[in-house]
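J.: All chains, full assembly: derive it from the sequences and hints.
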Amino acid sequence: KQEVTQIPAALSVPEGENLVLNCSFTDSAIYNLQWFRQDPGKGLTSLLLIQSSQREQTSGRLNASLDKSSGRSTLYIAASQPGDSATYLCAVRNTGFQKLVFGTGTRLLVSP
Amino acid sequence: GAGVSQSPSNKVTEKGKDVELRCDPISGHTALYWYRQSLGQGLEFLIYFQGNSAPDKSGLPSDRFSAERTGGSVSTLTIQRTQQEDSAVYLCASSLRAGDSYEQYFGPGTRLTVT
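Protein chains in written order, with the numbering used here: chain A, 1287 to 1398; chain B, 7 to 121.
Hints may be right or wrong, so weigh each one.
Stated by the list, open to error - These stretches of chain A come out as covered by chain B in the derived footprint (C-beta under 8 angstroms, 3 or more residues): (1) 1332-1339; (2) 1353-1364.
Claimed, not checked - Quick list of simulated restraints, FRET-style, between CB atoms: (3) A:N1308 to B:T121: 31 to 41 angstroms; (4) A:Q1337 to B:G57: 17 to 27 angstroms; (5) B:R87 to A:A1365: 50 to 60 angstroms; (6) A:K1287 to B:G105: 20 to 30 angstroms.
In short, the hints are calculated from the structure, not lab data.
Think of the CB as a built atom: it goes at the ideal place given N, C-alpha and C, for glycine as much as any other residue.
T.: The following block contains the structure:
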């Protein structure tokens, strides 16, 4: 059974810092991995989708990497801003399944 | 264009009552997914539809939960005889088709509180 863990559970940084969020998964037979952000009381916004054949994806100040064999992904946020404050979730889709299996989330607070 | 919409946004119900939650997927999306987000369990898959059929219902927690989809569009998740542990945010997502390369887009959710 796929299990997805995110570390740290919460993170507080001053504006401008670069930061890394971690995601690990137990079953490496994944088709893709997705990073989402969730703002309080809102749904999920997709940030980056990495296919299993890819090593990384970039969008603006965000960069996500994937090491399928070791069951790890990282989300790098450069020059953090207060608007980045949210909960970040990673989710994997196992090969042959349609459902996403979500991690436990990292709650990020960026102070001005 | 319009995203995934869900109604109601909030629902408070008494224990033992039945509730219906509605999801309108993005127009043209043939696959639809239901997830539940609760404090104790995180975000969990419930069921998904491809068209009007549900190939995977493995996440439904008990036979009090059911879902249907008609016309390949709107879906309704029904919880019968609600219990306090059913309190959660119910999220719906849709994708162009069910398949490994298709991204899921999420709605804002319905917050269900069972008193």
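J.: Which of the listed hints are not met by the structure?
T.: 2
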